[in-house]
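Student: Each chain is listed here by its residues.
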Amino acid sequence: MASLLPCPHCGPRPREEFTVKGAAQARPAPDASPDVWFDYVYLRDNPRGAYAEYWHHTSGCRRWLIVTRDTATHDVFDSRDAAEGREVRA
Amino acid sequence: MRYSAFSIFLNGLKGNRNWGAAWREPQPKLHYDVVIVGGGGHGLATAYYLAREFGITNVAVLEKNYIGSGNVGRNTTIIRSNYLLEGNNPFYEFSMKLWEGLEQDFNFNAMVSQRGVLNLYHSDAQRDAYTRRGNAMRLHGVDAELLDRAAVKTMLPFLDFDNARFPIQGGLLQRRGGTVRHDGVAWGYARGADGRGVDIIQNCEVTGIRRENGRVTGVETTKGFIGCGKLGLAAAGNSSQVAEMAGMKLPLESHVLQAFVSEGLKPFIDGVVTFGAGHFYVSQSDKGGLVFGGDIDGYNSYAQRGNLATVEHVAEAGKAMIPALSRIRVLRAWGGVMDMSMDGSPIIDRTPLDNLYLNAGWCYGGFKATPASGFCFAHLLAKDAPHPTARQMRLDRFERGYLIDEKGQGAQPNLH
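Just so you know, the protein sequences line up as chains A and B, in that order. Once you know that position 20 of the first sequence is 20 in this note's numbering, the rest is easy, because the numbers rise by one and skip nothing. Once you know that position 394 of the second sequence is 394 in this note's numbering, the rest is easy, because the numbers rise by one and skip nothing.
Careful, some of the hints might be misleading.
Stated by the list, open to error - Covered stretches of chain A, as calculated for chain B (at least 3 residues, CB under 8 Å): (1) 3–17; (2) 20–34; (3) 37–44; (4) 48–56; (5) 68–76.
Because the hints were derived from the structure by calculation, they are not lab data. Glycine is no exception: its CB is placed at the ideal position from the N, C-alpha and C atoms.
The shape of chain A in the complex, shown without the other chains (with noise of 0.2 Å):
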């Protein structure tokens, strides 16, 4: 992966003032199907080529981002404040 993660609030930064929490995934309704929950906490497409990953600028503005990657190439294509909000791919 590069050592550098673009954040959109301080620019490029070391890839060590991150830290990564996982799958960027709509989170279901409540009171959704057990199925869909299921799904939701278990289930990954772990596709090889994009993916969008919640990633925390810790040591930096300290805010929730989605970086959206390429998990064969490590490509960064988008890095943005989670608050925008969006559906991405699990």
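Once you have looked at the hints, place chain B on chain A.
Tutor: The following block gives chain B in isolation, referenced to the frame of chain A:
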């Protein structure tokens, strides 16, 4: 031919020009009783035990690269059975017992060396956790010894016992743990399976899984269509990709784990030592290089290479444990792709498709499991029933709430 001291002597007299190939390079047949996807340690061991234990020899192992090119040749070669939970411990102990007789069994020198695995503890709480784990191991008939600081100091005087942040208080030792030459394992199983009639087909990538009426009929490959009675998936880090060809979504994420080897040194570290405060494990190979590693990088990856941040982290943890490491030079670093499961434990089970079987989710502990994984997967393929030691490693355990979570981290694969 059978390998022996006599055969080495005899071939030596003839200038070692007459050794035959250890396995054939067959063209795929049109149909096999069992096709296994993945020619790594687990796939080859599965084929070996299918032929040897269960008498099923019309088997093909399909490998997209060359055998041993994946994780079986990329790990840090450690074997152990120091697990806490009921669902794991008997399985890993079964694996340890198979390791103990493996070289005689498959007539290949895999350099199984039971030099001991020591996990260091650094606090009272960690000592209590290790005591519990050691007791669980002993209740399952596995050897475990809790060492105090003085005993560890006798074994490994060069550790940083008085580290200001993580002083070493003692360790949990499994003397039967140790190391094995990892590529020798792949070659030994390949040779043993091939000699019993299994076709090992290298450079043959599976590109599709053909299905009819809820059953698998065969696989599309770069060498054409290959029909099969049963299909077993043992594709490690690429399990999700292969399962997707059968329309399945798995409870897995693929992550990269790095490993390192130093320049050759004089004998320095006898066994395997792990740092309890960070994540660092080290042993010394017979050539003298220190073989070591740490945590996974933490982000999803299919690239067999890691990030410098993790290299730095591993080096820091190593130096906190053994200050003398600051003066060694690292020769090589590499990465492997791990199939991290949602509870940190593996899956050996049937799938919703009738004749499709899954072996996956080994996280970064797959190497030590190789013999038992192969044996249990072969048992499942041959008898359609789980081996007693692998009966909790079910695919549906996540949905049913029967997780096997050694670390208690929950559904967060990068923390297992």
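Student: A separate judgement is required for each hint: does it hold in the structure or not?
Tutor: Hints and how they fare:
| no. | hint | result |
| --- | --- | --- |
| 1 | 3–17 | holds (count 4) |
| 2 | 20–34 | holds (count 3) |
| 3 | 37–44 | holds (count 6) |
| 4 | 48–56 | holds (count 3) |
| 5 | 68–76 | holds (count 5) |
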